[in-house]
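**Q** Below, each chain spelled out in residue letters.
There are 2 protein chains.
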Amino acid sequence: MAANQEEVKLLGVVGSPFVCRVRIALKFKGIEYEFLEENLANKSDLLLKYNPVHKKVPVFVHNEKPIAESLVIVEYIDETWNNNPILPSDPYQKALARFWSKFIDDKVVGAAWKSAFTVDEKERGKNVQEALEGLQFLEDEIKEKKFFGGEEIGLVDIAGVFIAFWIPIVQEIAGLQLFSSEKFPNLYKWSQELINHSVVKEVLPPREPLFAFFKGRYESLIASQ
Amino acid sequence: MAANQEEVKLLGVVGSPFVCRVRIALKFKGIEYEFLEENLANKSDLLLKYNPVHKKVPVFVHNEKPIAESLVIVEYIDETWNNNPILPSDPYQKALARFWSKFIDDKVVGAAWKSAFTVDEKERGKNVQEALEGLQFLEDEIKEKKFFGGEEIGLVDIAGVFIAFWIPIVQEIAGLQLFSSEKFPNLYKWSQELINHSVVKEVLPPREPLFAFFKGRYESLIASQ
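Residue numbers (full-length UniProt numbering), protein chains in the order written: chain A, 1 to 225; chain B, 1 to 225.
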């Protein structure tokens with residue numbers, strides 16, 4: 001199925017780790033697509049039409065058919081374009097990839113985010129603890145492997161781009177130490193491999209404006225105390 | 001792959017809606033398995049060994065290889081035993097099934113549960129509202145279809161057994177009206193089809209002891225106020 005025979009659109013914002021997952025998958029497969037930048041303060045009619053349930057990005061639209069939820073989208077892309085597999089073909093390995101990518105969403109993303117953007121000390125402490133526990137499980141899981149997917153990136157690596165690129169930014173802003181080479185040497189090594197992977201590097205948002213954006217959010221949060 | 005050549009085990013508790021999902025999938029496929037009843041107040045070494053991350057049931061063990069997370073397990077079962085498909089083969093329909101089963105977990109299960117088992121009035125009200133909104137989306141989605149999967153049950157129906165069987169029990173105990181034929185006529189009709197489906201009926205836990213168990217929990221919660 002040649003990418004240029006398809007109508008492929010992605011509704012997103014550049015700074016979102018969830019949108020970035022989809023961009024990595026598309027780039028990895030070599031799929032051409034139109035990126036429709038959303039303004040989340042004033043959502044487009046298209047976004048509301050295509051994702052009436054969550055009204056969130058990313059929304060992937062393939063020949064007019066919309067799909068929401070980043071991991072669901074990545075699996076769809078992998079099943080539709082068969083080159084450069086993202087999920088393993090073996091059902092057990094596939095189940096493990098789904099388990100760990102769900103783990104990242106359930107146990108790491110929310111906790112790490114709230115660690116940085118929570119004012120209440122006790123609540124923040126709880127989230128720091130949960131994020132550290134989650135990262136420790138991933139540290140034990142990656143071991144000496146280059147990627148969670150093995151020699152090439154896979155679903156868990158794509159899900160984990162939040163850890164590799166977004167956590168270092170938000171922890172610096174909030175003056176936290178969640179993720180470092182001292183605490184999690186194997187996972188840190190993996191994160192460097194990931195953000196320097198030729199495909200990932202090309203689709204990561206530029207660090208400086210993202211840093212400034214989150215810093216602004218953090219400062220207004222602190223000021224609102 | 002004949003079921004009797006396989007070693008198939010399920011670690012679970014009878015009253016869990018998540019364990020029930022796996023039992024429906026196994027029964028639907030006609031797979032023989034050994035059910036290992038866990039005591040969650042005193043978890044077995046096997047559970048801790050096989051699910052060190054979450055230490056929760058269900059854990060599915062196929063030829064010594066463990067898998068956790070009910071929806072991940074159901075997909076694994078579907079990919080390993082090909083008779084009686086649970087997910088559609090079309091990638092887009094498959095993505096929708098994954099979207100809606102994730103929706104049930106993210107937007108309905110937790111909110112409905114907390115609606116019944118939360119003492120704080122404001123918190124309870126918020127959860128009731130969220131559960132009702134979630135159910136409304138499902139009401140709009142099921143429309144006139146027999147099952148979310150079409151003429152036969154599929155992933156979303158299996159995920160939705162919590163709505164069809166568990167919500168009526170917990171709402172009665174807590175004196176709530178979340179899910180009724182008046183509020184959600186199509187979804188209610190679906191729920192009756194589901195709990196009377198020959199496979200589902202056989203694996204649902206007996207209602208009376210489950211009701212008594214949850215009633216006990218509810219009463220101790222109220223007494224602890």
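By construction, these hints were calculated from the structure, which means they are not laboratory data. Among the clues, some could well be false.
[Claimed, not checked] Simulated pairs of lysine-lysine, DSS-like, Cα-Cα distance not exceeding 27 Å:
1. Lys65/B - Lys126/A
2. Lys107/A - Lys65/B
3. Lys27/A - Lys56/A
4. Lys29/A - Lys65/B
5. Lys94/A - Lys94/B
[Claimed, not checked] Computed Cβ-Cβ distance ranges for the label pairs, DEER-style:
6. Lys65/B - Lys122/A: 53 to 61 Å
7. Lys143/B - Ser89/A: 50 to 58 Å
8. Leu46/B - Gln136/A: 17 to 25 Å
9. Lys122/A - Gly110/B: 20 to 28 Å
10. Phe117/A - Arg217/B: 30 to 38 Å
11. Phe117/B - Asn39/A: 17 to 25 Å
12. Leu221/A - Pro206/B: 36 to 44 Å
[As the list claims (entries may be wrong)] Some chain A residues well away from chain B (every beta-carbon gap over 10 Å; in silico):
13. Ala68
14. Glu69
15. Val72
16. Glu75
17. Tyr76
18. Glu79
19. Pro91
20. Tyr92
21. Ala95
22. Arg98
23. Glu182
24. Pro206
No experiment lies behind these values; they were computed from the predicted model shown. Ideal Cβ positions, reconstructed from N, Cα and C, are used throughout, including at glycine.
**Q** Evaluate each hint against the coordinates.
**A** To see whether the hints hold, each was checked on the structure:
Distance restraint check for Lys65/B and Lys126/A: the Cα-Cα separation of roughly 33 Å exceeds the 27 Å cut-off, and the hinted pair is therefore not satisfied. Restraint check for Lys107/A and Lys65/B: the C-alpha separation of about 23 Å stays at or below 27 Å, so the hint holds. At roughly 22 Å between alpha-carbon atoms, Lys27/A and Lys56/A fall within 27 Å of each other, so this suggested pair holds. Between Lys29/A and Lys65/B the alpha-carbon distance is near 31 Å, which puts this suggested pair outside the 27 Å criterion.
Using a Cα cut-off of 27 Å, the hinted pair Lys94/A and Lys94/B holds, with the two alpha carbons roughly 15 Å apart. Against the hinted window of 53 to 61 Å, the Cβ-Cβ separation of Lys65/B and Lys122/A comes to about 40 Å, which falls outside the hint. Here the CB-CB span from Lys143/B to Ser89/A is close to 35 Å, at odds with the stated 50 to 58 Å. In this structure the hint that Leu46/B and Gln136/A lie 17 to 25 Å apart at CB holds, the actual value being about 23 Å.
For the pair Lys122/A and Gly110/B, the supplied restraint of 20 to 28 Å holds, since their beta-carbon distance comes to about 22 Å. Take Phe117/A and Arg217/B: their Cβ atoms lie about 34 Å apart, and the range 30 to 38 Å holds. The hint said 17 to 25 Å for the Cβ distance between Phe117/B and Asn39/A, and at roughly 39 Å that hint is violated. For Leu221/A and Pro206/B, the hinted distance range of 36 to 44 Å is not satisfied, since their beta carbons lie about 50 Å from each other.
Once the 10 Å rule is applied to beta carbons, Ala68/A is inconsistent with being away from chain B; the minimum gap is 6 Å. Once the 10 Å rule is applied to beta carbons, Glu69/A is inconsistent with being away from chain B; the minimum gap is 6 Å. For Val72/A, the shortest C-beta to C-beta distance to chain B comes to about 5 Å, within the 10 Å cut-off, and the non-interface label is violated. Consistency note on Glu75/A: stated as away from chain B, yet its beta-carbon is not over 10 Å from all of that chain's, at 7 Å minimum.
At the 10 Å boundary, the C-beta of Tyr76/A falls inside the reach of chain B, the nearest C-beta of that chain being 4 Å off. Not every CB of chain B is more than 10 Å from the CB of Glu79/A (nearest about 4 Å), against its label as outside the interface. For Pro91/A, the non-interface assignment is contradicted: its Cβ lies about 4 Å from the closest Cβ of chain B, within the 10 Å cut-off. The claim that Tyr92/A is not at the interface with chain B is violated, since a C-beta of that chain comes within 10 Å of its own (minimum 5 Å).
Not every C-beta of chain B lies more than 10 Å from that of Ala95/A, the closest at about 4 Å, which undercuts listing it as non-interface. Taking the minimum C-beta to C-beta distance to chain B, about 5 Å, the non-interface status of Arg98/A is violated against the 10 Å cut. With a cut of 10 Å on Cβ distances, Glu182/A stays outside the contact zone with chain B, its closest approach being about 23 Å. Every CB of chain B lies more than 10 Å from the CB of Pro206/A, the least distance being 31 Å, so the non-interface label holds.
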